[in-house]
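Colleague: Sequences listed follow chains A and B, in order. Position 242 of the first sequence, counting from 1, maps to 241 under numbering that gives the first Met the number 0, and the rest follow consecutively. Position 321 of the second sequence, counting from 1, maps to 320 under numbering that gives the first Met the number 0, and the rest follow consecutively.
Just so you know, these hints were derived from the structure itself, not from any lab. Positions of the beta carbon are idealized from the N, C-alpha and C atoms, including for glycine.
Subject to a maximum C-alpha distance of 27 angstroms in a straight line, what follows is the list of computed DSS-like cross-link-like pairs (lysine-lysine): (1) Lys44/B x Lys66/B; (2) Lys66/B x Lys106/B; (3) Lys407/B x Lys28/A; (4) Lys264/B x Lys75/A; (5) Lys354/B x Lys193/A; (6) Lys130/B x Lys193/B; (7) Lys374/B x Lys100/B; (8) Lys53/A x Lys6/A; (9) Lys98/A x Lys28/A.
Coverage of chain B stretches by chain A, computed from C-beta distances (three or more under 8 angstroms per stretch; other residues unrestricted): (10) 167-178; (11) 209-222; (12) 347-358; (13) 398-412.
What the simulated footprint calls covered on chain A by chain B, stretch by stretch (three residues with Cβ under 8 angstroms from a Cβ of chain B suffice, anywhere in the stretch; the number is not a length): (14) 19-29; (15) 35-48; (16) 82-94; (17) 212-218; (18) 236-246.
Here is what each chain is made of, one letter per residue.
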Amino acid sequence: MYRIASKKQLNPTVTQMEIEAPLVANKAKPGQFIILRVNEEGERIPLTVAGVDKARGTVKIIFQIVGATTELLNHKNEGECIQDFVGPLGVPTHTDGIKKVCIVGGGVGCAIAMPVAQAFHEQGAEVTSIIGFRNKDLLILENEFRACSDRLIVMTDDGSYARHGNVTVPLKELLEAGETFDLIITIGPLIMMKFVTLTAKPFGVPVTVSMNPIMIDGTGMCGGCRLTLIRDGRRITRFACVDGPDFNGYEVDFDEAMSRGRMYFDFERHAHETACNLLKGANS
Amino acid sequence: MALNPKKHEMPTQAPEVRAHNFQEVALGYTAEIAVEEANRCLNCKNRPCVTGCPVNVNIPDFITKIKSGDFEGAYQIINETSSLPAVCGRVCPQETQCESKCSMGVKFEPVGIGRLERFVADWHNANATEKAAAPASNGHRVAIVGSGPSGLTCAGDLAKKGYQVSVFEALHTAGGVLVYGIPEFRLPKRIVAKEVETLRDLGVDVQTNVVIGKTLTIDELFEMGYEAVFIGSGAGLPNFMNIPGESLKGVYSANEFLTRSNLMKAYLENPVTPIMKGGYVAVVGGGNVAMDAARTALRLGAEHVYIVYRRSMDELPARREEVEHAMEEGIDFRLLNNPVEILGYSNPDDPRDPKNGFVTGMRCIKMELGEPDAKGRRRPVPIPGSEFTLDVDTVIMAIGTSPNPLIKDTTAGLEVNSHGGIVVTEDGLTSRENVYAGGDAVTGAATVISAMGAGKIAAKAIDEALSAK
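Just need the whole structure built from these sequences, with the hints factored in.
Modeller: What follows is the structure, given as structure tokens:
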């Protein structure tokens, strides 16, 4: 069992927890993920590591309440335990040799982008961060990003805070103004990562995307997390759990990944509704 | 007394009943049948059956105990050499091992050794009250990577000799393929749990949620004070055919399909982990895993299940009993057929149509057997122009696995072969000092019992190496 050392609501649908898992905390690097189960009958879900505290042996996770399992997890409180917590899984984000980087985060993806930005900042790279949210209420980690970015641009889809528009707008402006980056790293919804890649393409800047497909074991056994890369005109299969989660954005077949991500859409919506009803009943 | 030429039939659930539930297909011998079957054993002098067993169970001796009604005595004899008798009695391919060597088999059907082994193990589990006791520690510590058949066997053998053994399992439940792969109706999970419990009674420390190669490395295990390591991490990433359409929704690897059903319990009512149920299902492949996937799909409510295999029944590698059971249950074997493309739904007028991207069918081509290949198996050759479409909603690829890279990539000096399998000596020793390996991580996908045999050999070698210190 793994104790919840702290819990904090970052916005109405996003929660941050620190979980006591010393072996994982000792190893985890930016870009890697963990898999957890809330209880004995629970499903396994992958979540990217949002930070570690080696001294306390804790791993920070930040999750959006999108389904039955995250709903259940969000009902756990500080001091309570979750059943399983395994990691760190996947390959850490490559940061070597990068001097000037642009981090583009969207929504809860910013939780994963933030430790990556921090890692670049700590190694002395010049960091530009562009973070986008649907609206002001959903904004998270603004101060944390400010602390590790040489330049921070905040966007909201509806204009309720900071600049109005998508993250691709300022990215395009910067690139058109002649700004150069060694690398763009984008983490967020698939559709956003697809368009960040398309925006960068005419300028020839390398783009790394962080994929988060459906996954079960996370250790290279089930193959559920497979995605297709298009390399030199050939379609090749890769596994996000052991080959990723970071991939070259120009190679990823985003449309296929988006389609696969919706495989259990009906099941998940129903399960989430059931979980909400159950938990409401438990609280009343 | 006249000899019965046939082995006593295994009582089973009727095919039309079992096709709709996940309870065990084979029900096991009663004590009366077991004694009668044991009496078929000639107790011949040269004991050929023992040489057919990868872990050399003293078969005639345990059968003699059954004849006299001493079932616990029979169990103790099996237990001397096998750590998992209730498992082996169910999943070993006895027809190619012990029973293939049986003297009775020369003229008649061989003795039902597997069925007797299962009876004895089940009798023990139901009736024995004494727990296994941990022997006095010899002070040596050994780490085992993976809690599948090879790891559990190696752990059991070493624990019985007084070693302090820790088993590291990546998943949340111990048992490896016995838990995630082999379905409940063939190997009930309570039996695996019981075997793991017995190991715990022997003092084995089983730690779940530790991925060696990620959470800890092999080198760190030595730093932690373990003097030897056994790698039994199993087979790895599922293979696909590299044909168009394999990323459509409704295409699974057998590993994923079985893991969802077995480990994550998607077969229960109102599961928390989803799985596609019902409709028409094609399973590609002819091994035990393909049979398990096909029969699981049927029990999940499929209307019709095909096995699509590119060779003929003679080459089909699955355990005979599973093939017979699958046929009785109505699995439709499409032999000498090979998939060339998986077809999906696409609505040209509505990119948001929720049906877009789901499987609608599988294009196959008919095959004929040509010249024998290097292994002597006749190579299947496509018949030009013979393509046809099977209408299916789900496709399950059961065509083997490739080794997992996690340990190789994080262990300097660990030699692997061109297929990625870990290279070992006869004793299971790898190219690294005090690091041993066995099972699918070495051989690629094989059987439970051969993995157990490898775990046993390594345990012996580890004991010899450490006790000489």
